[in-house]
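Chemist: Whenever a hint applies, use it, and build me the whole structure from the sequences.
Residue numbers (our numbering), protein chains in the order written: chain A, 1 to 253; chain B, 1001 to 1235.
In short, the hints are calculated from the structure, not lab data.
All residues carry an ideal CB built from backbone N, CA and C; glycine is no exception.
Wrong hints could be hidden among the right ones.
No more than 27 Å apart at the CA atoms, straight line, and that leaves these computed lysine-lysine pairs for DSSO-like [as the list claims (entries may be wrong)]:
#1 K163/A <-> K127/A
#2 K243/A <-> K215/A
#3 K116/A <-> K139/A
#4 K59/A <-> K49/A
#5 K153/A <-> K215/A
#6 K37/A <-> K153/A
#7 K1177/B <-> K108/A
#8 K59/A <-> K1177/B
#9 K139/A <-> K59/A
#10 K163/A <-> K1177/B
#11 K1177/B <-> K127/A
#12 K65/A <-> K139/A
#13 K1177/B <-> K139/A
#14 K215/A <-> K139/A
#15 K86/A <-> K59/A
These stretches of chain A come out as covered by chain B in the derived footprint (C-beta under 8 Å, 3 or more residues) [claimed, not checked]:
#16 51–64
#17 136–150
#18 153–166
#19 169–179
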Amino acid sequence: MKLRLMLAFASTLFGVAAQADEVTVAVAANFTAPMQKIAKAFEQDTGHKAQVAFGATGKFYAQIKNGAPFAVLLAADDETPARLEKEGLAVASTRFTYATGRLALWSKQANLVDDKGDVLHSNRLEKLGILKIAIADPKLAPYGVAAMQVMHKLGVLPVVTPKLVYGESIGQTYQFVSTENAQLGFVALSQISIDGRITQGSAWVVPQSMHTPLKQDVVLLNAGKHNAAAHALLKYLQGDNAKTIITRYGYAL
Amino acid sequence: MNLSAEDFQAIALTLQLASVTTVLLLLLATPVAWWLAHTRSVWRAPVASLVALPLVLPPTVLGFYLLVALGPNGPIGQFTQWAGWGTLAFSFWGLVLGSVVYSLPFAVQPLVNAFEAMGPRPMEVAATLRASPWDAFFTVAVPLAKPGFVMAAMLSFAHTVGEFGVVLMIGGNIPDKTRVVSTQIYGHVEAMAYSQAHGLAGVMLVFSFVVLLGLSWFNRRSTRHPNTRHQKADA
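Modeler: Right, here's the structure in full:
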C-alpha cells in the first residue's frame, strides 16, 4: 500500500516535469522585485510557469556545481555565467546581459547626500558626524567593487576606509543603511527607487562612467536545455514587456 | 591546509569573543538559573520561555531584531547613545551583546539542572550551621553545582564559536573587529575560494568535535562521581 502510494506520488511528480511548462529559476537577490513582476507577466503572456528562487549568486554557483536543478540563472554579475559555461554546466552561447545595475550613494536622512558625492569628503563627514558607511563586500558582490572604484575616483578612500562596514550582499548593505546603523551606504538604485523616483531619504545616483558596468547576465543551465519554458523565459527577458519592468526598477539595459 | 593571516585574525577574534561572552554569560546566567531553580512565582514559566527563545528563533530573526534595536532609533541604540558609547552595531561589544543573547539558554539550562539536582537540603543544612546565604552559596552551592558550571561554560563557548547568523547581521564583517571564523568561511565560500574555505572549515569541525567529546567524557566522569550520585538520590 505504502509503495503504491509512493509510486503514485512519484508519477505525478514526473508527470509535471514531463509537461515541461515549468521552469525553476535562480535569481540574484538584487533583482527580486522586478523578477516577481516579470514572472507574473511571463505566466500571463506565455502560459508557462516560473518557479523563482532568490539568493546570492555565489551560493547559486555552489549549488549548481553540486547538481541543483535550476534551469536558468539570472546572476548578479557577468563572470559567474561565463564561468558556468566554461565549466560545462551551462549551455554554450545562451548568455546575454538582461540588466545593468545602477549604483547609488544613499542615506535615510533627507538632504544629507548631495548630487556629486561630496558628502564623502572628510570635512563633510566630520561635520555630519558620519561614523559608518556601508558597502557590499567587494570580494563577494560586484556592487561592492563598483563602490570601491567610485570612492577611489573621488579620492576619498583613505578617509572612508576606517568607516566602512561590509554587507555580505547588496541586500544586507541596504539593511544596514535602512536601519541607520550606517548613516551612508552604496546600494543598488533598484532598492531605493521606483519609476526614477527615490522613495525615501536622499541619494546620489552614481554616473555609470565612474565604475565598471554592473552587467548582470543570464544563462541557460544544463538542466534547462530541453525545457521549453526555460527557452521561453530567455526570450521573454529580451522582450519589451520585461524591459519596461526592468527599467522601471532603476536598471539600465 | 593554507590558512592566511586574515584567517588567523578571524580565529583570534573568535576565541576572544567566545571567552568574553562565556565569562559574562556565567555571571548573568547564575542568578537567573538560581531563581528559575527555586522560585514558585507565576513568572517562572514566562521567564524560562523567554530565556529559551534563542534556541528556537532563527538567527536571522534575532539578528534582525538586534540590528533594529541597536540602531540609533532602537531602544538599545538610544540607551547606548545616551550613555555616550555611540551605537554598538559593527563593533566588538555589539557582537558580545548578540552572542550573550544567542547563547543564553546554553548557559542557563545546565545551571538550572545542576541547582535543581542539588535540592534544598544542602542550603538548609548550611543555614542551620549559621552560614549566611552568600557564604552558603559560594561554599556549598557552587562546589556542588560545579559540573553544571563547567558544562554551561563549555556549551556557551562552543556555541558562540559556532555562531553565524547573528554575527553576519550585526557585525558588518570588518577585518580584525567583527570578522569571525564562521563569517570568514562564509566569505570564502561565497567568493568561490573553496580551498581556503576547506582549511578553516576543517579547523572548525575538529574544534567542535573535540569540545563535544570533552563534554561527553566530562559528563560520564561527573555522573560516576560519588558526590553527584548522592545528590541524585537526594533529589
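Chemist: Report the numbers of all earlier hints that the structure fails to satisfy, in ascending order.
Modeler: Number 6 - this is the single hint that the structure violates.
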